Amino acid sequence: MADTSGKPSVLFVCVHNAGRSQMAAAWLTHLAGDRVDVRSAGSAPGDQVNPAAVRAMAEVGIDISRETPKMLTVDTVRSSDVCITMGCGDACPVFPGKRYLDWKLEDPAGQGIEAVRPIRDRIRTLVEDLIADIAPSPTA
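Every letter in the sequence shown is one number past the one before it in my numbering, and letter 79, counting from 1, is 248.
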């Protein structure tokens, strides 16, 4: 399970690519460093990343303010080893040999920072478990 660089690639997908998938991609990049290739996309991308998600991630020292929602494409899914969906239903194409996970997370759209913090923290836990599974630390 790896691309030509030998690293596993992970794609996070949610509807707007403005909250959950952006936070998950940021956590994975932050926690796994260069051991994993990270992408995120949306089945119906929003105009901007959710300001409450940006603020929640800034509280833990991760800046996602320059990120922009991206459109989910078949090629993006095809080139990923692991596809993690977060409430986008059947919008993500399925290819044989790929690993698919569906993380049940509340949608932070339209919610304030108080509601987004527990979503952010749950995503961190899920990402930590994912890293332990697909890209454990060389010292582990």
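Everything labelled a hint here was simulated from the structure, so no lab data went into it. All values reported here derive from a predicted model rather than from experimental measurement. Be a bit skeptical, because a hint or two may be false.
DSSO-like cross-link-like pairs, simulated, lysine-lysine; straight-line CA separation at most 27 Å [what the hints assert, rightly or not]:
#, residue 1, residue 2
1, Lys267, Lys176
2, Lys267, Lys239
3, Lys176, Lys239
4, Lys239, Lys273
5, Lys273, Lys176
FRET-style restraints, in silico, Cβ to Cβ [to be verified]:
#, residue 1, residue 2, range
6, Phe264, Arg286, 18 to 26 Å
7, Gln217, Ser306, 18 to 26 Å
8, Glu283, Pro262, 29 to 37 Å
9, Arg224, Tyr269, 12 to 20 Å
10, Gln217, Pro307, 34 to 42 Å
11, Asp290, Phe264, 30 to 38 Å
12, Ala301, Ala213, 28 to 36 Å
13, Glu228, Phe264, 17 to 25 Å
14, Val229, Pro265, 16 to 24 Å
15, Glu283, Gln217, 15 to 23 Å
Where is the CB? At the ideal position from N, CA and C, for every residue including glycine.
Next on the checklist: Could you work out which of the previously given hints the structure breaks and list their numbers from low to high?
Outcome noted: Numbers 6, 7, 9, 13 and 14, in rising order.
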